Amino acid sequence: MTSMSHQHPQEELLIAYADGRLDDQQRADVEHILAQDSSAREFLELLERSNLPFKEAFDTTLEHRVPDAMQNAIDAAFVARPQRAVGRWYGGLALTATLVLGVVLGYLMSDFTNRQPSEQNPPIWLAQIASYHELYVRETVDAAEQMPREHFASRARQVLGADISVPNLSDNQLEFRRGQVLRIDGKPLVQLAYLPADGAPLALCIVRSANQDRDFYSGVSHNLQFVAWARDGFNIVLVGSLDEQAMKAAATEANRQLL
Amino acid sequence: MHDPSANFKEELTGLIPRLRRYALVLLQSESAADDLVQATLLRAILRQRQWQADTRLDAWVFAILRSIWKNDLRAIKVREGNGRLDADEIPDTQAGTGERTFLLSQVLDRVNDLPVAQRESILLVYVEGYSYQEAADVLGVPSGTLMSRLARARVALARSLSAQADTPIRSVK
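Protein chains in written order, with our numbering: chain A, 1 to 259; chain B, 1 to 173.
Hints in this document: simulated from the structure, not taken from any laboratory.
Quantities reported herein were computed from a predicted structural model and do not represent experimental measurements.
Think of the CB as a built atom: it goes at the ideal place given N, C-alpha and C, for glycine as much as any other residue.
It is possible that some hints are incorrect.
In silico BS3-like cross-links for lysine-lysine, where the CA-CA straight-line distance does not exceed 30 Å [claimed, not checked]: (1) Lys70/B x Lys9/B; (2) Lys9/B x Lys55/A; (3) Lys70/B x Lys55/A.
Between beta-carbon pairs, the in silico distance windows are [to be verified]: (4) Asn211/A x Ala53/B: 45 to 51 Å; (5) Ala28/A x Gly14/B: 37 to 43 Å; (6) Ala249/A x Asn71/B: 29 to 35 Å; (7) Gly129/B x Gln26/A: 16 to 22 Å; (8) Thr101/B x Ala28/A: 36 to 42 Å; (9) His64/A x Thr145/B: 41 to 47 Å.
So here's chain B without its partners, still in its complex pose:
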């Protein structure tokens, strides 16, 4: 029996790792992030009919996640600015050991030190690979605003790197 929602369910399930990653960037807490993702999945299922099948599902669901985070979460304490993960909330990374791993964990730490608006700009453009306009659409802001956040983020990162003169990090594309 043909079930037209089967693809939607599969695709939605496939997005869960990236949704959890995004929620973790926003909330810096695993338990809070999973709550947010759960709420997002529900709302996406409720609104399935509003999604047009020829558009990107991931962008649509990310926008829902953001909207719930922005508008509906009053019980969750959002850490702004120097938000750092609690020691017992740090998720295990898939990275191993070695110099490359150290570099990558430094990158994570420095991005997680940024204000949340800058963190998510970095995530959408450089990790999720959206164009500037696509990222701005997910955020619901003009592309100029998105670019400005990227600029602030890149400057802050560059400064934090040059401040640590004894740990040179080679830039890699």
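So that you can see chain A by itself, here it is in the shape it has in the complex:
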């Protein structure tokens, strides 16, 4: 009965030999060792026994469909690059911040699609980048070219299949800057970014929903104030850092103009 030695002074060489990764000279050296050393032969036997179809096995675990949240995250991060880049690199943190807005909103919208996000265990990516949010979000949105409301409105109508308008919130001291189309749960989500006089941007998000109409419902999620409601087959949420009263006023006005 052979003893199975679990170590060998030349195990590195023996592994490389078993894996076929040695040149001719090295192979000859190893074969010489094997001829002389029975413990080397025993070790090699262990290696041959464990020469398994690792790649084939692990290839069966490859999942080729990319989750929407991940695709959103990448799309949002790249869309955020400033148009006028000469001399003004806001740095990767600016990308992160816009990303926070896009992705946090996606996370928030999941509250309305009957999933069970865990407030106790926020996703790691969110916890990681939340600290960048306050400083850089404004610069990001400000740097982008302002998009005329009507240009984006026609895209939003096409995406949502309804006659929506991009609200003009200048009476609430909010300037429309840009619209984006993201995805959540496989459905398109329209995100409208507004800039207040100072401070972080607000976002108004609209997604199709089977929910019944629902009155304004406000709260705080991940340090962001939100006001949400549902009407005419849409879930709508306004997210930002204004105080609750200002948020509600803006939401009321947005709702008046939206559909």
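Given chain A, put chain B in place with the hints provided.
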């Protein structure tokens, strides 16, 4: 309009399945793995300028993933040693039915039973196909350390196989 970042974005997106696989080997939980991958993608995008276009993107991104796993994850419970997937976390494999499928699932189970350092050594060298030195670089260890982990892993696998005498597994290259 030429966008120099378009290739980077495409390549990065193309890596997602392999990133998720690696994260799953490390964390043995689908939800935790996806969190880790999300954080990795963000950091890779933030640091795009640090990547040199003539070097391997996959190795660079794997190293980021490892670094976040190693240094930044305190909220995630890492299962060491006999980490097994929870029944409701087991991802669907693309494998079908039959003897070959059974063999492959046995291979997966046995590798997932190894300590995490050995699991990822197996993954990098035999699944991702890196050279010993490339794998050691991703892990941030000397190649001798990587080889030692491979040796421990191979011995453990061989022993677990010989212990199950009624299910002989033919070794295949």
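Here's how the hints hold up against the structure:
no.	hint	verdict
1	Lys70/B x Lys9/B	holds, 25 Å
2	Lys9/B x Lys55/A	holds, 26 Å
3	Lys70/B x Lys55/A	holds, 24 Å
4	Asn211/A x Ala53/B: 45 to 51 Å	holds, 47 Å
5	Ala28/A x Gly14/B: 37 to 43 Å	holds, 41 Å
6	Ala249/A x Asn71/B: 29 to 35 Å	violated, 44 Å
7	Gly129/B x Gln26/A: 16 to 22 Å	holds, 20 Å
8	Thr101/B x Ala28/A: 36 to 42 Å	holds, 40 Å
9	His64/A x Thr145/B: 41 to 47 Å	violated, 33 Å
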